[in-house]
Structure formats: structure tokens, C-alpha cells
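Enquirer: Residue numbers (our numbering), protein chains in the order written: chain A, 1 to 143; chain B, 1 to 951.
Simulated from the structure, these hints should not be mistaken for laboratory data. We put the beta carbon where it would ideally sit given N, CA and C, even for glycine. Hints may contain errors.
Stated by the list, open to error - Lysine-lysine pairs mimicking PhoX-like chemistry, simulated, CA-CA at most 20 Å apart:
id, chain 1, residue 1, chain 2, residue 2
1, B, K278, B, K335
2, B, K379, B, K53
3, A, K141, B, K170
4, A, K110, B, K65
5, A, K39, B, K415
6, B, K354, B, K391
7, A, K39, B, K38
8, B, K760, B, K379
9, B, K415, A, K57
What the hints assert, rightly or not - Chain A is nowhere near these chain B residues, computed Cβ spacing over 12 Å in every case:
id, residue
10, D231
11, S251
12, A259
13, S299
14, K321
15, D404
16, H413
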Amino acid sequence: MGIRFILMVNKQGQTRLAQYYEWLTLEERRALEGEIVRKCLARTEQQCSFVEHRNYKIVYRRYASLFFLVGVDNDENELAILEFIHLLVETMDRHFGNVCELDIMFHLEKAHFMLEEMVMNGCVVETSKSNILAPIQLMDKTS
Amino acid sequence: MEQLKTIGRELAMGSQGGFGQSKEFLDLVKSIGEARSKAEEDRIVLSEIETLKRRIVEPDIPRRKMKEYIIRLVYVEMLGHDASFGYIHAVKMTHNDNLLLKRTGYLAVTLFLNEDHDLIILIVNTIQKDLKSDNYLIVCAALNVVCKLINEETIPAVLPQVVELLGHSKEAVRKKAIMALHRFYQKSPSSVSHLVSNFRKRLCDNDPGVMGATLCPLFDLITIDVNSYKDLVVSFVSILKQIAERRLPKSYDYHQMPAPFIQIKLLKILALLGSGDKQASEHMYTVVGDIFRKCDSSSNIGNAVLYECISCVSAIYPNAKLLEAAADVIARFLKSDSHNLKYMGIDALGRLIKLSPEVAEQHQLAVIDCLEDPDDTLKRKTFELLYKMTKSSNVEVIVDRMIDYMININDNHYKTEIASRCVELAEQFAPSNHWFIQTMNRVFEHAGDLVKSKVAHNLMRLIAEGFGEEDDTADSQLRSSAVESYLRIIGEPKLPSLFLQVICWVLGEYGTADGKFSASYVTGKLCDVADAYSNDEIVKSYAVTALMKLFVFEIAAGRKVDILPECQSLIEELSASHSTDLQQRVYELQAIIGLDAHAVECILPSDASCEDIEIDKNLSFLNDYVQQSLEKGAQPYIPESERSGMLDISNFQAKISMKLQLMVLVPEPSYHREVQQAATVPSSSDTGSSEVKLRLDGVQKKWGRPTYSSSAASTSNSSSQNTVYEVTPVDGSSNVNSKAREASYDLKKTQVEISPEKQKLAASLFGGTSKSERRASSTGHKVPKGSSHVLKSTAGSTTDVLVEKTTPVQPPPDLLDLGEPTIKDGPSSVDPFKQLEELLDPTQLGSSANPGIVGSTSAPDIMQLYSDKPASGQSGGFMYPSSSNRSDDNLVSGLANATTDSAHNITAAAHPSQFSKGPNLKDSLEKDALVRQMGVTPSSQNPNLFKDLLG
């Protein structure tokens, strides 16, 4: 399965985007987000970007005030996931231009659309920025 | 500047229609963004829910407004509140013809609903229709939803269309169709079992994106059934080779690496296919070796690929050269300052030591550093490594450390894991029974509620059996020390139930065996336990049975039993217990106390828990009784198999009485088979003790004996090793110390003194092997090794030199020679690869014959989009300063945050045109305008919102 969920959370612990690749109820999501955000936010910058939590491994990366957290299975290549996060941010940056937290908040659906292009069934399926953005740009044009 | 801002504002006002967001929405986002606490956020969301509930049911809501409402619903759920009142509106929006609205509706339903939700039925129809759409973007949107919301029952409704779409002219559609099929396979393999050949077919797709996506389902398929896919080894190797040679379109490059994510997926697949298969592995050596050499080790992504190479190399049939390359990379990872790389290094080391255990010794100090690092993640990973390299010589140090660590963690999930690992290692490698019991006590004390009950039974068995053989005094010493430690521990508050069961049982069996403690002392303690844990019936049962045994042993020894008053009151209290089991035990106790010494000795013989009990399965001792009953006119017993459907009452009663007798005699019938030797036939009244005995017997045969016989066997070994091992630390450390000094004089390098403690630890962890001992004794050999142990810096430089040397030394023509046949082989065996190769050929890409773009009907659109960028990019540089009212130093801090990324930040900076061209002008204007319109300025409450994520 690979990726179980992708979260964007700011440093106050507020969720900015949440996408799950396995079904969790609202309460489960709430609990999970609270636990892992607390765990990750408590860590220093020198420490690993990986945290074990229950049966997941969380790979996270901080950009300015925003944390990107990806929950993966145990046999996933953590460094690759760390770079996947960077690819996601670069892609958003290419689309929004100097992307910031507010861009994601105002264009929540677009951030989701990008993820839909990049990840399906918990697998990374597309890593070419132009392929990821093409449908979104076409949609902007037509509507 | 001022002028520009005005322009910006006007632009934003003018484009507000296109921007499509109302003041209301902007205000909502603004207030959420500026919320200072969870409570404030909740307040905002709750009032938003009220607003939405009112608004969303109004008639004739414009479509765009509705879209906004749906996004606001998404916000409500994302922030942890229920938005189910609006689900139906999201479902309705999926019916809309407008692409953006439809996709937004689809997005919302995938976020809101699970695949078994009642509303799905209203979407399936729309999905079916959309899968047939002429607009490929609509088809893609529908396929996204198929991947999330189609369950086993609805698969047949969309399956034919999805299969058809595998041959669609647009690569994006083919890719998503493959993933839909992958999803069906995950949900219900049987529903698509006849379609798996499609995955093989799509592996040869002209489009690299489709090929890359196809690797996901293939990985799953190969994980389950390796042998059916061995024929694809050549294909995978050929694809990997082409990627490594940069034949894929540039857009798949990431930080100068060609399609690294696809490379990693391929390496994972190769690891599966090559595992234990020499022939398959031989195909892979060249390409994996190539990647080892080509990888950029200064970037994270390069290291990610290198790590995957190590995983692959340690999974496939071993190759000396590749193992060497892997060891070099691991050395570099472990020496890095980055915790992430150290983590990967420790993990990789854990994989490699299975093949070359000596690698670990080179890195012992690095490993100990990681073990002592305050970073919990790194520590756990290191424990995982230690777990993999535990032997009888280092088990004490490792398990001790594990328990120390276990005591201090709160995370139950991990605590359970590490506790069971401690138990496993202790059972497997215990150097002595005494150590085993001490270790188990610690594990039980601190994680007793988390370990499995079989561990407790195993411990009881060990105490009962002891060494099992000749040494009786050692056995009784073991028991005495166990009893002593338990009597000490028993007073501590809040002991785990399982541990108390062990304690009660041991005290019952052996509490008074060595005469050190009086029966009244031990029974007093047991009564305290029964009192203190009055909610735990199992513990109370164990305590009562233990009391009974103690009394019986007293009677058998001819001493007078004096029952303490607290004991008497406990017995009275429990004889009225709600638990029938407890009641029965107490009544039995009272009955047995009244018997004479000879009778009780038959019922509960002392120290007989290890005796085997014979069970008469035919119940022949009942023959007389049965005969009598029959003579008195009872109905004969009819076996169950001969009985017809109708049972008459007397038959039933007969059955019940037989069953009852069975229960009394044989509480755990499943162990019949395992009892072999004859012993005294137990009288029917000794249920209490026979129950315990029987359970243990089963335990013994199932999992007890092999463990102990092996540990007993290993003790002779390890005792000899132990003597050596005790010497080693001192010896080793002095050696290493002097070596370190020598080396540092020689090389004129400053060397951090390594504390003797650490060296001692290193010696006890790594020095237990006979190999390293030999090394320690032969000084001549040790010089180079010793310096690599101690002088990290020198060792680093030497290996670096080695790496540099080996690169040119590897004769490139040789590799080409090796490589060419594979190229020839590839196309001949799998024809489509020739096509792929041709299509991906850079020269053809250069000419306009790229089929990916030409084939697409909407190519002009894409081209237009791109051609827009340079035009606006010209003034982009001019506009940049205006966006600098977002504090620039913040950006820098954002950059500095990613400690390990300096490498790519540089590479990213090397391509500024890639990120800063095009939309920047318009966007920064819009953002600026938006900010003003909302009355938010970066200096207000939450300036973080405006920080650029990337520098």
C-alpha cells in the first residue's frame, strides 16, 4: 500500500490539508492527527525526519511554518518519501509561484487535485511536474 | 512600488470573477488562518456549520456559490467536525456538467464517504456515464473516484469500461485505468484474476508515466507470486538501464537524477525477483553496479536510490563486488552528520549483516553513538539492528539495554514490541537460568500487561524444571532465589496480573520448599495479594490454589496448620463469591485441609508439577460404575455419531453426566495426546492442582522443551565464551587506546578521546565473536582494523580514497561489453521494448516526433500554457520586490529549517528559472491584492501564513 495518509499541518498544529488512503472515521482521524502532530512538532531540527507511530512510520518535513507529514508502511524508503514531499512542494511552487500556507488554504481543492495526480491507491504514480499540472492548468483554462 | 501595488489591487478586483471566491469565503479562511487556539478554531467552525446548514438548502444557488459551499464543508470535516448534513450536496455536484465543479464534487465525496456509504449508489451511475465521456479530463476525474469509492460489489458495474480505457489514446487515462484495475485487485483479487495480463502489457506502454504506474500493481503481484514473473527480470533490468542512461524525458528528472522514484520502484521489484535466485540475480548485477557508481551521493534523492540499491543487493543472490559497494555506502551514511542518513545507514546495516556479519564490527562506535543518541527514532532503529545481531555472547548487554529503554517509554505499541523481543532473545540465548529469571522479572514488572500469557507459563515451567538434568542443588537454588525475589517484589503496588499469577504459582509450589520462609509468612503474603487485587479473579484463583498447596505441604510434613485470621476471612469471603470457580477452589481447600497426611500427599504431591500424568481416555475405571447403573436399569450410552436427531431425556442426561465426569478428570482435553509416561492416576478430587499441571504439560510439549534444551546446550558454549568475553573489554580497550594514540601521532590528526565506557560497550556488543578475539590477540593484523575502528576521520578518508580509486579502476569498456548483450537480449525476447527504446531515444525526442505530445488532441493548449510563461516572466524580475513585503528573513529561516536539504536547495537555486518564471507576476499581484482586500497584512496576527514555503 505504501502511503497511508498525507497531512499538512502548521506549527500551531492546525490541519491545512488531509488526505487518507485508507478509511478512518472522523474521530480516528482527529485522534491520529493530534497524536502525530504532537510527536513531530516536539522534535528538533537535528533529529531524524522520521518518527514511528503505532504501525506507521511518519516522514515529515518542515517548510517555513508548514509541516508536511506522510504516513507510510514500515517497508517504505523513508528518504524517497522525504523527497516526494519536496517534489510536491516544488510542484505547488511552480503552480502558485512562491507558494505559501495561504495559497493552500485558498486553493485547497487545487492542492488536492495535485495530490490526486501524484498518488493513487497509496502509490506514487506520477513524478513529472508538467504531467501533474497539465490537467489542472487545462481545467483553469476551460472554466 | 506604490504604483505597482495599486495595479495589483485593480488587477485583483478585475479578476475577482475568475478568482471565484467570495468575500465570505476569504473571511472564513482568514479567520481560520488567524485562529490562535483549537478552541477558537472550533468556535469558528461551529458557527460556520450553522451558516452552511441554513445557506446550503436555499433554492437556486448559483453553481459557483455551491462549489464554494462544498469547499467550506471540506474545511469543516478537515478541522474535525461532522459535515454529514452536506454530503448529499457534494453528491449532487458530481452530476454537474462543468468539469471544475464535477471534479470538486468528486473530490468532496472521496473525502467525505467511505466505499460502503449509502450515498455511493447515487454516484455509481454518474461514474459510469463519465467513464464514457469524450472529455478525457472527465474520464480521469471519474477514474480517480473509482480508485477510492468502488467496493467489491460495485466493481462489476464499472469493470468493463475501465478495461476498455486501458487502450485509451491519452496516456493520462491509461495510467489511471491501470491504477483502477490495481485497486480492484487490492479489493478483490478474484474479480480481476482474468485481467492481470493487462499489467504486463501496460509495462510496455509507450508512455513512461503509464509504465511507471504499472510498476505499482506489478510489485503487489510479484510480492505474492514471485515465480510467475521471473520472465520479466530481463524487461525490468532493461527499463532500469534505460532510465539510468537518461533515456526518459527530462521532465522525469528530479534534482538531476533520472526518474529516481521509478528507479526505486524497479529496485524494489528486482529485490523480490532476485531473492534466492542466482540466475535472475546475475542479470541484475551490472545495472545495480552502474547505479551505485552513477548516483549522486550529495543529494537526498541520490542517497535514497543508493539505499534502495543496498536493500536490493542484500536481498538478491550475493555478489562480492556489490556487497563491497554497499558496505562503502553504509560507511558513508553512518559517518554523516545527518541523522536521516545515519538512520538509513543503521537500517541498511541491519540488512547487510545477514550476508556479511563482519561489516557491523567496522561501525561499532557509530552504532553505539546512535544507540545513545537522544533521538528516539534513531535509538529504536539501532535496537532493531542489535536485535538482529544478538548472539549468546552479547545477549546480556543487549537485553539489559533494551529493558532499560523499555522502562522509560510510554508508547504501549512499541513497549509491547520491545518486551516481546526481550523475551524472545532471552529465551533463545539465555546464558543461565538465573539470568533468565531476573530478566523475565524485569520484563514482567514493567510490561507485564503487554506480554503474552505463554511467556508466563514458560517462566513457571523453567522454575519447575530447572536445568532438568543432574544438578539438583542448582535447581533448588534457582527456586529459592525465585521465591526470595518474588516475596520481595510481591509487596510492590500495581503489579501486572500475569506476573502475579506467576508469583502465586511459584510461591505455592516452592514457597516453603527450602524451609527459609515459614508457611504462615508466605500464606500471609498470598492473602495480601488476594486482598489487594480483589478485582482480579484469576489472580485470586491462583492465590487460593497456592494457599491450598502450602497447607497441604504442611500437613504432609506432619506440621500443624495454623490458618491466619486474615486467611480465614478470605476463605469465608470467597466461599460466597460470584465466581463459581473461586467458590469451588475454596470449598476444595476446606475439604482437603480436613484430610490426613497420607491422603493429601496423594492429592497434591510436593514438587510434582513436572511429573507426567497418564490419562485413561477410555475411562475404564468407570466401568464398574457404568455396569452398576446399567444393572439398575439405566440406558446405555450411545456415542454421538450413532445418535439420531431426536434426543430423549435420559440419553441427554447420560451424556451430561459423562461430560461432567470428563470435565472433572480432564480439565484440558486437548493435551491428552501429549502425555506419554505413566504416573499415579489422580483421584478425581484434585482438580485444582491437576489443572495447573496439565496446562503446563501442554505448554512444555508445545514450546518449552526445545527452547530450554537449546539454551542448556548453549550454556556450556557460552560459559567458555564468557570467560573470554570478560577479559576482552579491558584487553580491547587498552589495545585500542594505544592504537589510537599511535595512529594519531602518525597521521597528525586530532582525535576525540573515546570514553572507556563506550569502548567497553563496543567490546561487549561486538567483541563476543571468536573472530574479533582472534584479532585482539594478533597485534600485527590489528593495526589497520584498529585504526578504522577508532579513527573515524582517517577511516573515512581512506575509504573515500578507495571509492575514488575504484571508480576509474572499473574498466568502462568491460561494462559496456556486459551491457550490450542485455540490450540485444531485451528487444529480442520482449519486442515492445524495442519500441519503448526507440520512442524514448533522445534523438527522436529532439525532433518533433515525440508521440506523447503529437498524439494528444489538446497539445496546442498545453503548448500555449507554456508559451505564456516566458512572456510574463520578463517583467517577473521587476515585480519581485513587491512580494518582499513578506519578510525575507523568514524565507531564509524556512530554508535553513531543512537541515539536510542544503544540497537540493542549491540545486533548486541553480534552476531559478524553473520555479520563478511564469505565474509569479500574476500570482504575487493577486496575493498582494487579496491580502489588502481582506485587510490582512503580513505584519498582522499570523505572519506565517505568508511565508514562502520554498525559498
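Enquirer: Each hint needs a verdict: does it hold in this structure or not?
Expert: Do the hints match the structure? See the list:
The hinted pair formed by B:K278 and B:K335 fails the criterion: a straight-line CA distance of about 32 Å is larger than 20 Å. Distance check on the hinted pair: B:K379 and B:K53 sit about 50 Å apart at the alpha-carbon level, beyond 20 Å; violated. Using a Cα cut-off of 20 Å, the hinted pair A:K141 and B:K170 holds, with the two alpha carbons roughly 19 Å apart. Using a Cα cut-off of 20 Å, the hinted pair A:K110 and B:K65 holds, with the two alpha carbons roughly 17 Å apart.
Of the pairs offered as hints, the one joining A:K39 and B:K415 holds, with about 17 Å between alpha carbons and a cut-off of 20 Å not exceeded. Distance hint between B:K354 and B:K391 is fulfilled; the C-alpha atoms sit about 13 Å from each other, no more than 20 Å. For the suggested pair A:K39 and B:K38, the alpha carbons sit about 17 Å apart, so the restraint of at most 20 Å is met. For the hint linking B:K760 to B:K379, the alpha-carbon distance of about 19 Å falls within 20 Å, and the restraint holds.
Distance hint between B:K415 and A:K57 is fulfilled; the C-alpha atoms sit about 16 Å from each other, no more than 20 Å. Distance check on B:D231: its Cβ is at least 23 Å (rounded) from any Cβ of chain A, clearing the 12 Å threshold; non-interface status holds. Not every Cβ of chain A is farther than 12 Å from the Cβ of B:S251; the closest lies at roughly 4 Å, contradicting the non-interface assignment. With a least CB separation of 7 Å from chain A, B:A259 falls inside the 12 Å interface cut-off, contrary to its annotation.
A beta-carbon of chain A is positioned within 12 Å of the beta-carbon of B:S299; the least distance is around 8 Å. B:K321, annotated as away from the interface, keeps every beta carbon of chain A farther than 12 Å; the closest lies near 23 Å. Remark: the non-interface label on B:D404 is consistent with the geometry, its nearest Cβ contact in chain A lying 19 Å away (cut-off 12 Å). Not every CB of chain A lies more than 12 Å from the CB of B:H413, the least distance being 5 Å, so the non-interface label is violated.
Hint compliance for this structure: hints 1, 2, 11, 12, 13 and 16 are not met, and every other hint is.
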